Structures are given as C-alpha cells and as structure tokens.
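According to UniProt numbering, the sequence shown is numbered sequentially starting from 1.
Among the hints, erroneous ones may be present.
Here are the simulated lysine-lysine pairs, DSS-like style, with alpha carbons at most 30 Å apart [stated by the list, open to error]:
#1 K179 with K205
#2 K179 with K221
#3 K248 with K179
#4 K144 with K179
#5 K6 with K50
#6 K193 with K293
#7 K125 with K205
#8 K125 with K179
#9 K302 with K125
#10 K6 with K193
#11 K7 with K41
#12 K277 with K221
#13 K193 with K66
#14 K302 with K248
#15 K41 with K6
#16 K11 with K41
#17 K272 with K179
#18 K144 with K193
Simulated from the structure, these hints should not be mistaken for laboratory data. Because the structure is a prediction, the values reported are computed rather than measured.
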Amino acid sequence: MVKEMKKATMKDIAAEANVSVATVSYVLNNAENQSIPAETKERVLQIAKKLNYVPNLAARSLVKQKTGLIGILLNRSAHEGVWRRAHHAEFIFELEQLLTKQGYHVVLSSIDVEKPNLEIIAERKLDGVFLIDVREDFFYSISKTVPTGVPLVLVDSVIDDELFYKVMYDYLGAFSAAKNQLERESAVLIMEKFHNAGLTEQIKKASGLAEENIHLMENEKSLADFLAMNSDRSAIILNEFLAGTVSKYRNIEGDAVICTSNCPEILPAEAKTVLFKNSKATIAFQVLSDLIKDNRGLHLEKYTYLPAE
C-alpha cells in the first residue's frame, strides 16, 4: 500500500525557516501592511517551493475575503463549426497563463446560449469574471449572478450599459488595413455569426459593404455557393480558422484575413493578413486587474479597442 505524502503546512515552513507561523502567513498572502525583511521573505518562499506547499484557498478566503478564483465564461451553441470552436482558443490559453502567473486559479466554463446554466457562477465565489460573446437577452440573467463588487469584463460583446467594461477589436481600422491590401476594389466579407448580435452588426457596419456582399458563415454548403457567385471579387475574411475553410474552395492569396484568433501562423505564408497591435488577452487581463484593485474603474474607458497594425 502506497503511503500518501503529508501535505506541507505553514507550520512546517515556519519550523524550517526559523520564523513564526504568522510571518509565513504574511509572506505567502503578500500582506502589504507588514514590514518583513526581504531576506526573510525570500527564505520563506524558497522553503515553501521546496516543500511543494499548496495554499488552502478556502482558508485564505476567510482571511482576505478572496478565493483566488477567476471565471472565464464562454457562450457556445451545440452545433458550432470548427471556425467557431477554435476562435477563442488562443485568447483563453493566453489569458489563463497570465492569470496563473499572478497566482489566480481559473474556472473555465462553457455556457449554452439556448439554456444557460448559471450554477458555475452561483456556486463559486469568484474574484472576477470574463464573459465572452454573450447574447444580449441572457446578459442580465448572467450578470445578476455575479455578486456586487466582483468585476465583470465583457469580451467580444456589445452591451449598451455604462456599468460594464468591454474589450474588443477596432474593426474600422482593421477593415481599412484589409482593403489597402486587396488586389481588386470590389470585395465581399466572409465572417462568422457571433452570439452577440450587436457585435455582428457592428462588424457589418464597419466593413462599409452592402448586405448582399456579406456572408455570415453557418455551413460550408452556403459558403461554397456564395464564393461561386463572387469568384471575380476579392474577399475579406474574419478569423484565421474561417480562412482555412474558405481555402478549401478558392485560393486566398488575393484575399485579406483579419486575424481575430491571434493565430496567423496557421495561414499560408503568402496570405495577406491584418494583425492587431496588442494582445486581447493582455488587455483584458489588465482591465480586470485594475478593476480588482479599484472596482469603480474611474480611470478606465467603458470600451477598450485594440487597434490594427
């Protein structure tokens, strides 16, 4: 029978570091109101690492009224194409890395856009929430489950409410950059249909194209028909994974891809791309961090737009 290893405690760390348990607690909880020598802090942290100390989040929350949990909530529907399923993968990966580096624990949950189950928010005491591509008609049902004072950052969502902070791309600038790269003046737009209808409409408007020249991707059959009818036009494609699907039906060298998934490396080397100057994950993380420090967010803009290069 394998004997289970005893978990290291603050008392174990204190004994080896020759300091009090209170000092260990102050160091591990980064208490800013305590004056502890840098050498002592470093010794405690090194011993904690050596002993593989794992903090008790429940106990920490009793002291700091914080759980260390951040929720990433992604709205999904049952039958999404690969261009939808993969769209936010890099963003979520990078965001999780940033949060983990700062000592947070991440709770990732998909919310069914048709029948949202909000237990993930109600059951967990989250210190902050990212809500991605949310449907307008369900937004307030979701936001009401977030306790007062817990910051909520909306990503890829147009919600006309001054209480909430949003992070999204500058599509006007992106379309301007894309059109400058096209070989032909006559163009069409191929884009995914977002759950957030306001975002879909904002992108369509930013494109400056007529409704008949915009294709909202739902299935490959309709895409093939649209491309066949517009074979003499250049295309602006939103999302690198959608561009991969388009490339099955036409050569995309003369088209422009707006890289909203932050994965330009999956495209052919000769593809024309529009990139953004900042990482969406980095900006979203910064907004949430600022709100955690001061949930009034008085110095923040309600919309933070990432400019195109």
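Legend entry - Hint consistency between K144 and K179 [alpha-carbon to alpha-carbon, up to 30 Å]: violated, 41 Å
Legend entry - Given hint K248 paired with K302 - CA-CA distance at most 30 Å: With a Cα-Cα distance of about 40 Å, the restraint between K302 and K248 is violated, given a limit of 30 Å.
Inset, instruction - Measure nothing beyond the straight line between the CA atoms of K302 and K125; if it is 30 Å or shorter, mark the hint as holding. - result: Between K302 and K125 the Cα gap is close to 25 Å, so the pair holds against 30 Å.
Inset, instruction - Would you check the hint for K179 and K205, treating anything up to 30 Å between C-alpha atoms as holding? - result: This hinted pair holds, its Cα atoms lying about 15 Å apart.
Legend entry - Given pair status - K193, K6, alpha carbons within 30 Å: violated, 52 Å
Inset, instruction - Quickly compare the C-alpha distance for K193 and K66 to 30 Å and report which way the hint goes. - result: Given that 30 Å is the threshold and the Cα spacing comes to 37 Å, the pair is violated.
Inset, instruction - Mind checking the alpha carbons of K7 and K41 for me, to see if they're no more than 30 Å apart? - result: holds, 21 Å
Legend entry - Proposed proximity, K293 with K193 (alpha carbon, max 30 Å): Violated, because 35 Å separates the two Cα atoms, which is more than 30 Å.
Legend entry - Restraint status (C-alpha distance of K248 to K179 at most 30 Å): holds, 22 Å
Legend entry - 30 Å Cα cutoff - pair K41, K6: This hinted pair holds, its Cα atoms lying about 24 Å apart.
Legend entry - Proposed proximity, K41 with K11 (alpha carbon, max 30 Å): Holds - the C-alpha atoms of K41 and K11 are around 15 Å apart, at most 30 Å.
Inset, instruction - Compare the distance between the alpha carbons of K144 and K193 with 30 Å, and conclude whether the hinted pair is satisfied. - result: Given that 30 Å is the threshold and the Cα spacing comes to 26 Å, the pair holds.
Hint compliance for this structure: hints 4, 6, 7, 8, 10, 12, 13, 14 are not met, and every other hint is.
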